[in-house]
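Q: Each residue of the sequence shown is one higher than the one before, counting from 6 in this note's numbering.
Hints are computed from structural coordinates only; laboratory data are not their basis. Backbone N, C-alpha and C define an ideal beta-carbon position, used for all residues, glycine too. Heads up, some of the hints might be wrong.
As the list claims (entries may be wrong) - Distance windows between CB atoms, simulated:
hint, residue 1, residue 2, range
1, Pro7, Lys113, 47 to 57 Å
2, Ile72, Lys113, 33 to 43 Å
3, Asp108, Val10, 52 to 62 Å
4, Glu118, Ser90, 43 to 53 Å
5, Ile91, Ala33, 21 to 31 Å
6, Thr9, Glu96, 41 to 51 Å
7, Ile109, Leu19, 42 to 52 Å
8, Gln30, Thr9, 37 to 47 Å
9, Ala33, Leu110, 19 to 29 Å
10, Leu116, His17, 22 to 32 Å
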Amino acid sequence: MPLTVNGKLNRHALPEPESAVSSAQYVAPRTDTEAMLCSIWQHVLEVDRVGVMDNFFALGGHSLMAISLVTQIKEAFAIEYSGFSIREVFELSSVAELAASIDILLSKQKLQENENLIDSYKEEELEEGVL
Numbered sequence: 006m007p008l009t010v011n012g013k014l015n016r017h018a019l020p021e022p023e024s025a026v027s028s029a030q031y032v033a034p035r036t037d038t039e040a041m042l043c044s045i046w047q048h049v050l051e052v053d054r055v056g057v058m059d060n061f062f063a064l065g066g067h068s069l070m071a072i073s074l075v076t077q078i079k080e081a082f083a084i085e086y087s088g089f090s091i092r093e094v095f096e097l098s099s100v101a102e103l104a105a106s107i108d109i110l111l112s113k114q115k116l117q118e119n120e121n122l123i124d125s126y127k128e129e130e131l132e133e134g135v136l
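Could you build the full structure based on these sequences and the hints that come with them?
A: In structure tokens form, the structure reads like this:
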């Protein structure tokens, strides 16, 4: 280790760290959700390319980055805040796993919106005395 004259680590003399590279073979995004997630991961992790089998933490991600990732995913997919959390990033740490989970979540969210719309329509009809 390079040291300064005071015996401390000379950080300026250290070589630049190599960028994190996934050990998984690159697999291109297959769906729009996977493509969007790959783009978000690239931005958060500051890497050139992310495949759907890559692991967030193997690419250099950590808990603070995971918080940023969750925020950007919620914004990009218009996910309600109660439906997606940092827990998913820790449990489903690949793009493919997260994409599948997000697709299911979005389907449930859309179904709930439709049910709410039907319920509000029924209430309006009852108020008007139609039903």
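Q: Each of the hints needs a verdict: does it hold here or not?
A: Structure-based check of each hint:
Distance hint check for Pro7 and Lys113: the Cβ-Cβ separation is about 55 Å, which falls inside the suggested range of 47 to 57 Å. Look at Ile72 against Lys113: about 23 Å separates their beta carbons, and that is not inside 33 to 43 Å. The hint said 52 to 62 Å for the Cβ distance between Asp108 and Val10, and at roughly 58 Å that hint holds. Separation of Glu118 from Ser90 is about 20 Å and departs from the stated range, judged on CB atoms against 43 to 53 Å.
Checked against the hint of 21 to 31 Å, the C-beta distance between Ile91 and Ala33 comes to roughly 27 Å, which is consistent with it. A hinted range of 41 to 51 Å holds for the C-beta pair Thr9 and Glu96, which are about 43 Å apart. At about 45 Å, the CB distance of Ile109 to Leu19 agrees with the hint of 42 to 52 Å. The given range of 37 to 47 Å is respected by Gln30 and Thr9, whose C-beta atoms sit roughly 42 Å from each other.
In this structure, Ala33 and Leu110 meet the distance hint of 19 to 29 Å, their C-beta atoms being roughly 23 Å apart. Take Leu116 and His17: their Cβ atoms lie about 57 Å apart, and the range 22 to 32 Å is violated.
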